Every structure is written in structure tokens, then in C-alpha cells.
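Engineer: The residues making up each chain are set out below.
2 protein chains.
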Amino acid sequence: MINKKNLKLGTARSAIRELFEYGKKQKALLGEDKVFDFSLGNPSTPAPKEVDLAIREIIASGNSVLTHGYTSAQGSLETRTAIANAIKQKFNTEASADDIYITCGAAAALCTVFGALAEGFDTEFIAIAPYFPEYKVFVNGQGAKLQVVSADTKDFQIDFNALEGLINKNTAGVIINSPNNPSGTVYSKKTLETLAEILTRKSKEVGHTIYIISDEPYRELVYSDTIVPFVPTIYKNTIVCYSYSKSLSLPGERIGYVYVPAFCENANEVYAAIAGAGRAMGYVCAPSLLQQVIAKCIDVKPNLEEYKVNRNLLVDALTSYGYECASPDGAFYLFVKAPNGDGNAFAELAKTKNVLIVPGESFGCKEFVRISYCVDTKTVKGALPLFKELIEEC
Amino acid sequence: MINKKNLKLGTARSAIRELFEYGKKQKALLGEDKVFDFSLGNPSTPAPKEVDLAIREIIASGNSVLTHGYTSAQGSLETRTAIANAIKQKFNTEASADDIYITCGAAAALCTVFGALAEGFDTEFIAIAPYFPEYKVFVNGQGAKLQVVSADTKDFQIDFNALEGLINKNTAGVIINSPNNPSGTVYSKKTLETLAEILTRKSKEVGHTIYIISDEPYRELVYSDTIVPFVPTIYKNTIVCYSYSKSLSLPGERIGYVYVPAFCENANEVYAAIAGAGRAMGYVCAPSLLQQVIAKCIDVKPNLEEYKVNRNLLVDALTSYGYECASPDGAFYLFVKAPNGDGNAFAELAKTKNVLIVPGESFGCKEFVRISYCVDTKTVKGALPLFKELIEEC
Numbered sequence: 033m034i035n036k037k038n039l040k041l042g043t044a045r046s047a048i049r050e051l052f053e054y055g056k057k058q059k060a061l062l063g064e065d066k067v068f069d070f071s072l073g074n075p076s077t078p079a080p081k082e083v084d085l086a087i088r089e090i091i092a093s094g095n096s097v098l099t100h101g102y103t104s105a106q107g108s109l110e111t112r113t114a115i116a117n118a119i120k121q122k123f124n125t126e127a128s129a130d131d132i133y134i135t136c137g138a139a140a141a142l143c144t145v146f147g148a149l150a151e152g153f154d155t156e157f158i159a160i161a162p163y164f165p166e167y168k169v170f171v172n173g174q175g176a177k178l179q180v181v182s183a184d185t186k187d188f189q190i191d192f193n194a195l196e197g198l199i200n201k202n203t204a205g206v207i208i209n210s211p212n213n214p215s216g217t218v219y220s221k222k223t224l225e226t227l228a229e230i231l232t233r234k235s236k237e238v239g240h241t242i243y244i245i246s247d248e249p250y251r252e253l254v255y256s257d258t259i260v261p262f263v264p265t266i267y268k269n270t271i272v273c274y275s276y277s278k279s280l281s282l283p284g285e286r287i288g289y290v291y292v293p294a295f296c297e298n299a300n301e302v303y304a305a306i307a308g309a310g311r312a313m314g315y316v317c318a319p320s321l322l323q324q325v326i327a328k329c330i331d332v333k334p335n336l337e338e339y340k341v342n343r344n345l346l347v348d349a350l351t352s353y354g355y356e357c358a359s360p361d362g363a364f365y366l367f368v369k370a371p372n373g374d375g376n377a378f379a380e381l382a383k384t385k386n387v388l389i390v391p392g393e394s395f396g397c398k399e400f401v402r403i404s405y406c407v408d409t410k411t412v413k414g415a416l417p418l419f420k421e422l423i424e425e426c
Numbered sequence: 033m034i035n036k037k038n039l040k041l042g043t044a045r046s047a048i049r050e051l052f053e054y055g056k057k058q059k060a061l062l063g064e065d066k067v068f069d070f071s072l073g074n075p076s077t078p079a080p081k082e083v084d085l086a087i088r089e090i091i092a093s094g095n096s097v098l099t100h101g102y103t104s105a106q107g108s109l110e111t112r113t114a115i116a117n118a119i120k121q122k123f124n125t126e127a128s129a130d131d132i133y134i135t136c137g138a139a140a141a142l143c144t145v146f147g148a149l150a151e152g153f154d155t156e157f158i159a160i161a162p163y164f165p166e167y168k169v170f171v172n173g174q175g176a177k178l179q180v181v182s183a184d185t186k187d188f189q190i191d192f193n194a195l196e197g198l199i200n201k202n203t204a205g206v207i208i209n210s211p212n213n214p215s216g217t218v219y220s221k222k223t224l225e226t227l228a229e230i231l232t233r234k235s236k237e238v239g240h241t242i243y244i245i246s247d248e249p250y251r252e253l254v255y256s257d258t259i260v261p262f263v264p265t266i267y268k269n270t271i272v273c274y275s276y277s278k279s280l281s282l283p284g285e286r287i288g289y290v291y292v293p294a295f296c297e298n299a300n301e302v303y304a305a306i307a308g309a310g311r312a313m314g315y316v317c318a319p320s321l322l323q324q325v326i327a328k329c330i331d332v333k334p335n336l337e338e339y340k341v342n343r344n345l346l347v348d349a350l351t352s353y354g355y356e357c358a359s360p361d362g363a364f365y366l367f368v369k370a371p372n373g374d375g376n377a378f379a380e381l382a383k384t385k386n387v388l389i390v391p392g393e394s395f396g397c398k399e400f401v402r403i404s405y406c407v408d409t410k411t412v413k414g415a416l417p418l419f420k421e422l423i424e425e426c
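As they're listed, the protein sequences go chains H and X.
Residue 71 in this note's numbering is what sits at position 39 of the first sequence, and the numbering runs on without skipping anything.
Residue 175 in this note's numbering is what sits at position 143 of the second sequence, and the numbering runs on without skipping anything.
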């Protein structure tokens, strides 16, 4: 007896992972400097020095049982308090330790939230293209369906007509991700206000609260003056899923949180159901040492310098060659229109030059490709002439 | 829209956690030394010194991106190789890195295995009382049912007649846990051989493989000469779920693994479905720093001295007072028959003296109570006169 869906998920890697594994093989074959791998969103920047310092201090404290012991399932009170205080100060809003549920990264955060809100097979969540493809895996994993609003490929905000058309009595929530993977775009305040207006109206129409699930691993990764509005201050029924993977360059450590604002509707029930969903999946607690690191590093800023250099190099060169791309305000991705109009074919062509970029189809935008620029600047510089050749060959 | 099952799971704590939280409050009220808390299986012994040394070395290596970066979903090759080699050497069997899937502890290991083997709502797993109550939560979380073989309260091995009666065409696996939580008993080689014989015969009868899911967080915690047989060498269709929580006193760090022997039936499919189940639950990878710690500490032995002292103190005193308990070979639990024959009433009585022990009902044995002796020896010594009073009052 084997679960067929899980067998399929475990056998077929995501397109991104496939490309990354291909890159590793090519590097072994041709040499590290001959392959230009822009496939994965794996931070190339070291964790800020405060992180390793915090680890050293915690270990030096010598309280092993406290350092490595179970915390409560929702996370240590000290860390939850630190997170809540940071939210209060930074976003001028209310937050308390009881609103925070610490998770093994954003993926666990999303799965527990979907598990909390999914009532049964009919439940639907809505993602807005371009979107992180694992959303579908996570939503389906909780027995619910993912609906997708097709992309507004002009300015990568939200096609509200399409969104309204998808909302119905089974809609539990709308997933947003700003700064966005893969487009790098930040949703404007106006976009979020319109979204709030629609969801407020539609919640009344369908007779239950439609939540925003705001997936925010890139919240601090912004390169322009663009402001990333804090979604719960615009739409109160927002559940925030956060991760320190990108902001503190700790993707392998699996540490993040869910923030359920006390002012959102049914806050207590939502929070309890999140904890219950985590329990049902075996999430006993988030890694204890890292929880303590977060408490100590709560005010540490991400190191954006290398990403900024890479972004500027790529944007300047690619647009000068004639490429068009989405507004690259944040995250560490460029979402580029394939010069031949076909993201799959263009990514295949790039592969022949050992330039590894992800076809936009995975994200719901066939005519685009994603370039992850969380790489060594050398890789960017080495690839620029190849990007020039590529557009000339199209 | 709220998921009712998850809301319930998140609202009602387990009986063990309830008691632990009660203990914390009582300690705050009466003082640490006035409350004798034997509720939780949270190791009281520090992690072996090699663990913190390994953390220091890894951080000192200065390769932040490697230390804290994503590993592949199945875990780093280096750690999987170290685990496989340790299994080979220790148990004189075959094992390779490809058989190991590193997890966020045993809870995640169990959930992914249940997710891999559960075909649908009819799928059944069988636990053998006394059993860890979260098995039911994890099995139900994967949409399957838990059946329970009632306890053999004479020697805490397996009531094979009862087991045979429960096996049917929907049975996917039998969960065993030896050394056992809560009884402390180790299954003998003879018990496992009989179990293997039954499952081999029943697998043929029902037309599919019935796996043993061997939950082994206490494998190294043994105090007598008793040998803990390595289950896959007795029944090839065994999937091992291991955790370093107890053996290295790292319960909060969430690190363990699944071992799917290459010689078990459908090994590749089972392994892939485990990976798929993990992916669907948002288990991106196990914590990366801790993965590296495990590779460095693969031969480190657990520190059993304090547990041994506690166990001997308790067993000697309690039996001299007239208590009866299961053979306390391993883990760090004593499973004691309530002198009045009612575990719930006896635990309540103990509570009036601020002795916190868990009623056996949670584990499927109403007439027993569990004493977790992974505590300070002072706590054990302080509680002994109270245990004497308790039996005299019954």
C-alpha cells in the first residue's frame, strides 16, 4: 500500500530542483566557472555575523537542557515576545506573544495555516500568478484546492476582475507574496487597499471571513525606495507567514513564524487550529537553538549589498540588450520576458550555453523566465555576454 | 472556515502536556522543590559535550552558506552516509545513504511514513498498547485509522492473538516501540520473531506487504544486559523511525531519520512516497546545522548515568513499598500498576501530594501510571516518601 499522490510528489522533483541538480552535474563535468546557475533561491550571502555570535553565546552559556530541550509547541515565550515587540515597533500595530506561533520556516507556516482553514475537500485557496509553485503542493496536502488568478503581466500587481470571478462560498483565503517570488515586484498600498475592499465585500457576500495569507520571506529584501506595506494594517483578517531563511540567510535552519493578529476575526480559533494542524503533522516545536538565536538577532538587518550589486548589473545589462522585465523592487529574482515569447524554449536555449534559468510556466507565466540572482557576482558577470548572445539568437 | 479536527487538536492539549503545564504553575506557586514532576519525557541530562563542541567547530569553520543553507530534502549526503555506516557497523546489516531520509525528529519521521503508506480513509495502522498517544494524532493526520492491540499487562510483550484478530486487508503497518514508552520494556528476540512470522503469513493472506514501523527514539537507552534486537534484521519489511532527541538529549532541535532498508519490499517507492509526504507537509529539510552535528557525533554514546541512578532508586524503593511495575529495561519510564487498580484515581491522589505522574489511560492501560524518571535525582529522592504514603493510603 503506497500513497499515490505522495509517491508522485517524491518522484517528480519540482522544475527548479531538477534544474539545480542538473547544474550540480554540469559543474562537476565542466568546472564550477563554466556553469551559470540562476535556478535556486538559496541565499549566497553569509548569515549576518550576529547570528554565529549568538550561537556561540548560547552554547557558551552552558545550559544544555534549556538550549536543546523542547520548547512549548508554539515556541519559547522569550522568542515570541521578541518577535511580537519587533512587529509592534516596526509596523506601529498591536502584537503580543500569544499571536505568534513559531514554525520550521515559511513552508511549515503555510501548511499549518492551510490546515487550520481547510474545512474539507471543497475548500479553495486562491494564489495570484506568478506564484511559488509549492503553494499547490501545500494546499493539496491539506486536502484543499488551489485556484490561480492569471498574471497581470503589465505591472505584476493583481488582476482584480479575475480574482473576483474566482471567489465563491468555498474560498477560505487568498495567498499573496510581496515582494514576490518570482517577479520581484512589491504590491503597492493601492493594490492592497483594493484587495482589502474586495475581500471585505466578498466575505459578507459568502457569509464567512476570507483571510489573506501573506507569505513574507522577502519582506526585508527591498532595493529601491519602495515601501512594503504591512498587510494586517490594511486588511485586518490577514495571517502573516514569515521566515528568516532569506533575511538572515538561514534557509536550512527552518525557522519562521505565523502571526495571527488578535484583531482578526476568530483569532483564537484560527491560532488554535494552526497549532492543531502543526501537531497533526508532527511539528513538535521549531528548532530550539535557532529560536534562541532569533530572540538575540531580532533587530539584525539583512545583508543586501551583494544582491543589490547583482540586481543592478543584471537589470542594466539585460535592458540594454533589449530584454523586458518586471519591476525588480525586491526579493532576489528577475522575471524576464522570453525574447522569443516562450519561457520553456528560451530556458532550454539558455541551457545549451550552461545558463540555468527557470521557465515561468512553473509560476503560472509561460512567456517568462526567472533569474535568481542570489549568486556570486562573478556568476552574474560571467553570464552577461551569454545573455547578450541569447537575445541575439532569438 | 476553520478545520474542526485541527481546532480540537490545538485546543485540547495531551494529558501529558496538561500535567506538565499544571506542574509549572504549582512550582511557581509553591517553589521548585515542593513539586515532583514526573510528567514529561524531556531529557534532564545535558547533551554529551561532543555536541556543543561540534557546534563550535562548525561555526568556527566560517562557511556560513554551507552551514545554514538548504540541504537536499532527504538530508545532506555526508550525514546520510555517516548514519548508514553506523547502522551497518552496529547491526551487521546493509545500509546506504540512499536508504536514509533525515527528518525533524521522530514525530516527523512517523508522519511521513504514515503519509507514504496510507492509501486512503480505509487504511489502518496497528499500535500495541501501551503506546505513545500521539500515534493516533499522526495516523489520523494522514487520513488513516489507528487500531490498538490491548496490552499484555503480564510481561508487556505482545498479545499475538489480539494482534492477528485486528489484521485485515486495510492494514498497512504495525507500529512498535521498543524500548517502550511508557512501559520501559524491551521486546525480546522471540517476540519479534513471532511478530515477523505472523506478518509474513498475513501479508500473503491480504495480498500486500504489512510493514513494521519501528519507532526507536529509546534504542540506546538500556540499563540492563538486555539486548535490543535491530528489527530489520528479523523482519525485512521494517521501516525504522529514529530520533536523537533522547540519545543525545536534543529533543528541541528536531533531528532524526527514517531508514528504509533497500532489502524491504517496494523500498524505492516507499522511500519516494516518504519524501513526497514530507514535501506535502512543508518539511523542506531537517535543520542544517544539526545535520552536520549528527555527522560529527555519530559515534557519541548517550549519558545514561543519572537515568540509571534514578531508575534503580525508584525500582528498589517502589517494589519495597509493594508497587508492581513493568520490567524497566530501557527508555526512562516506569510503568507502575496503580495500587488501587485505577490509574486515573491514583494519579489524582498523587497530585494532591504534588507528585505528578501520568495516568496510563492515555497509553491504553487504565490500571497503570507512568513515571518519567528523566529528572533531577533530587526530585526522585524527594518523592520516595510520598510514594510510600500513597500506597499506604490506597
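These are calculated hints, taken from the structure and not from any lab test.
Small disclaimer: the values here were computed from a predicted structure and weren't measured.
Hints may contain errors.
[What the hints assert, rightly or not] Using 30 angstroms as the maximum straight-line C-alpha spacing, the simulated DSS-like pairs for lysine-lysine come out as follows: (1) H:Lys234 <-> X:Lys36; (2) H:Lys122 <-> H:Lys177; (3) H:Lys37 <-> X:Lys40; (4) H:Lys236 <-> X:Lys177; (5) H:Lys340 <-> H:Lys369; (6) H:Lys168 <-> X:Lys177; (7) H:Lys201 <-> X:Lys410.
[As the list claims (entries may be wrong)] Simulated coverage check for chain X against chain H, where a stretch passes if three residues somewhere in it have a Cβ under 8 angstroms from a Cβ of chain H: (8) 272 to 286; (9) 293 to 304.
All C-beta atoms in this analysis are idealised placements derived from N, C-alpha and C, irrespective of residue type, glycine included.
Engineer: All hints, please: hold or fail.
Structural biologist: Against the structure, the hints:
{"no.": "1", "hint": "H:Lys234 <-> X:Lys36", "verdict": "holds (23 angstroms)"}
{"no.": "2", "hint": "H:Lys122 <-> H:Lys177", "verdict": "violated (34 angstroms)"}
{"no.": "3", "hint": "H:Lys37 <-> X:Lys40", "verdict": "holds (27 angstroms)"}
{"no.": "4", "hint": "H:Lys236 <-> X:Lys177", "verdict": "violated (38 angstroms)"}
{"no.": "5", "hint": "H:Lys340 <-> H:Lys369", "verdict": "holds (21 angstroms)"}
{"no.": "6", "hint": "H:Lys168 <-> X:Lys177", "verdict": "holds (26 angstroms)"}
{"no.": "7", "hint": "H:Lys201 <-> X:Lys410", "verdict": "violated (59 angstroms)"}
{"no.": "8", "hint": "272 to 286", "verdict": "holds (count 6)"}
{"no.": "9", "hint": "293 to 304", "verdict": "holds (count 5)"}
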